[in-house]
Amino acid sequence: MTASTALDTRMPPPRAPRRRRLTRTALRRRLAPYVFILPFIAIFALFSVYPMIFTLRLSFTDWRGTGAATWVGLDNYAYLLTNPGFWSSLGNSAVMWLLIVPAQVVIGLLAAVLLNNAKLRMRGFYRTAFIVPFVTPLVAIAQIWIVVFDQNYGPVNDLLGVLGLPGIGWLTTSEWAKPTLALLFLWKTTGFAIIILLSGLQSIDSTLYEAAELDGASRRRQLWSITVPLVRRTLMFLVVLQTLAVFQMFAEPYVVTKGGPYSSTTTAGLYLYNHITRADLGTGAANSFLLVILVMALSLLFVRLLRAKD
Amino acid sequence: MTTAMHGSKVEATDDTGAPPQDTANVAQAGRPAASARRRRPRRELPQFGSQVLLMLLTLAFLAPVAWAVVSAFKPAVEIIRDPLGFDPTRFTTDNFVAMFSDVPLASGFVNTAIVLVLKGAITMFFAPLAGYAFAKYDFPGKNMLFGTVLLTLMLPTIVLIIPLLLEMKEFGWVNTYQALILPGSVDAFAIFWMRQVISAVPDELLDAARVDGCGEFGIFWRIVVPVIRPGLAGLAVLTVMNIYNDFVWPVVVTTSDTMQTLQVVLSTLAQNISGNTIGADYATITGELLAASSVALVPLLIIFILLQKHFINGILAGSVKG
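Just so you know, the sequences run in chain order D and S.
Here the first sequence stands for residues 1 to 310, where the numbers follow this note's numbering.
Here the second sequence stands for residues 1 to 322, where the numbers follow this note's numbering.
Hints should not be assumed to be uniformly reliable.
Calculated cross-link-like contacts (lysine-lysine; reagent style BS3-like; alpha-carbon spacing at most 30 Å) [to be verified]:
#: 1; chain 1: S; residue 1: Lys169; chain 2: D; residue 2: Lys258
#: 2; chain 1: D; residue 1: Lys119; chain 2: S; residue 2: Lys309
#: 3; chain 1: D; residue 1: Lys188; chain 2: S; residue 2: Lys309
#: 4; chain 1: D; residue 1: Lys178; chain 2: D; residue 2: Lys258
#: 5; chain 1: D; residue 1: Lys188; chain 2: D; residue 2: Lys178
#: 6; chain 1: D; residue 1: Lys188; chain 2: D; residue 2: Lys119
#: 7; chain 1: D; residue 1: Lys258; chain 2: D; residue 2: Lys188
Stretch by stretch, here's where chain S covers chain D in the computed footprint (C-beta under 8 Å, at least three residues) [to be verified]:
#: 8; region: 41-54
#: 9; region: 71-81
#: 10; region: 163-175
#: 11; region: 274-285
No lab work stands behind these hints: they were computed from the structure.
A virtual CB, placed ideally from N, CA and C, is assigned to each residue, including glycine.
Same shape as in the complex, but just chain D (with noise of 0.2 Å):
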């Protein structure tokens, strides 16, 4: 839109000939954006959008994966509702969501603030080590957390030994699996974070830190006038994305827990996929529109939260 304007108050009155050239390259123009996005159309129609509104239509539907599929209405949307298993299902959620996303805020933030300084020494280094977390295959560090967290034989257990201190069963108590999992997903997010906090900070203006310390402004002060207050969009972009993942976390308890013990585990993604791999194909369906719900939900409540005091 504010490109086309520009583009016409700079052509001169055009000369016949050239009038015949800028409606072709008008028309090419015009043309141009669908050209450039229908590659992506087409792979995004194929495999995004059609199994979208398949899912779709299959949460209306009790379907066990052969045959035909019955209609049901919403029975399956109302058979989660009233079972117990489901709304487990958002609270073992809701608990990681507690137990990660603040913390990672609080990590993310400090760690941000402190790499922020050009004169910190080996800010390179640390950029690097902190990112490393979040680039290893989520198999392999769910392998090592298996051991690492094992009862008897892991290095953790080991450690508290010498310590004095009794073992602990992370992976086999109810109490410990939930923030031993939160424990994987933070610290292989936590990078990530990082450098999405530093990249708002970055773009915050100097002279406002100069000006509040000209005023004799603390520190903490400053931090709390200056940082939060304009780094709030950037935190709220990083609340969104990981409420998405942790409310979508699927791999993690799958992987090492298994949603156990006594599915204290059994995250919101998870569940989902048992319905699938009971080959309960319309209620996973159904699970999962109600999962996007409250995502969308959740997202637009933080977008509000973070936004009100603009």
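Start from chain D and add chain S according to the hints.
Chain S only, in chain D's frame:
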């Protein structure tokens, strides 16, 4: 009193870069501390305290990986008998040898490499192109289309697996490279991100090229692509990472050993181990598992360390600014 109290944690560590002065601060508090603070420029962040905190964080981030890689070289029995023991003279490659004879890791690497190159090329060309259209053109249906893109970002990807698998069966693509490569090759996140990056390119630059007679694709190729190079490098590393690490879809769509990607091989090994189909004792299993995990994460770490500057700058270029 208040000066000594406020920011006790941050500012006490603040000055420890100069130890004698610091002890004086802590001991006497009040005025000496204030004057010492005045002498040094306040903009300088607490170097020593920062270093300690960041080092602790680094330790937490690197320890599990370091422990796994080091332990993979220990004799299997010692990994579980003395998990924290460290004796380089007893290092061995036994775990690796045993693991390679038990699992088809080499063919997993080849398959992953094939998928990586082809799928990566598709993503790296078509995602910026579509992102460019979304960022710099107006066309009917644009907002609705972009809304759909965002919606698929929110949909848990596992639910698409069933319809996708049925589609693959329909196409006769089960257990083929097409099935590993095409779905998700231009994914919603890449589009979303490229739109973000390309939006930051000034319109004046594009208009100037247009006035000079540059075609629409020429503008993309010769103006936009060079300008967004950091963002592209970021996308490249993220894409490599996602493809290399993906395992749910490959597990579902591959049915033979020869088509399995590296992560599928690894997760199969893990399953065999938890079901103990290898028929070995816990120590041997743990050793093989750690060896396999180390082998799987090393290539990506090397790629990452070589490209880390581009990657981090890419994320810095691409994400939402405050």
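Results for each hint:
1. S/Lys169 to D/Lys258: 28 Å, holds
2. D/Lys119 to S/Lys309: Judged against 30 Å, a Cα distance of about 18 Å means the pair holds.
3. D/Lys188 to S/Lys309: Satisfied, since the Cα-Cα distance of roughly 19 Å is no more than 30 Å.
4. D/Lys178 to D/Lys258: Holds, because 12 Å separates the two Cα atoms, which is no more than 30 Å.
5. D/Lys188 to D/Lys178: Between D/Lys188 and D/Lys178 the Cα gap is close to 15 Å, so the pair holds against 30 Å.
6. D/Lys188 to D/Lys119: 28 Å, holds
7. D/Lys258 to D/Lys188: 19 Å, holds
8. 41-54: holds (count 11)
9. 71-81: Not satisfied, violated; 0 residues make the cut.
10. 163-175: With 0 residues close enough to chain S, the hint is violated.
11. 274-285: With 4 residues in contact (Cβ-Cβ under 8 Å with chain S), the coverage given for the region 274-285 of chain D holds.
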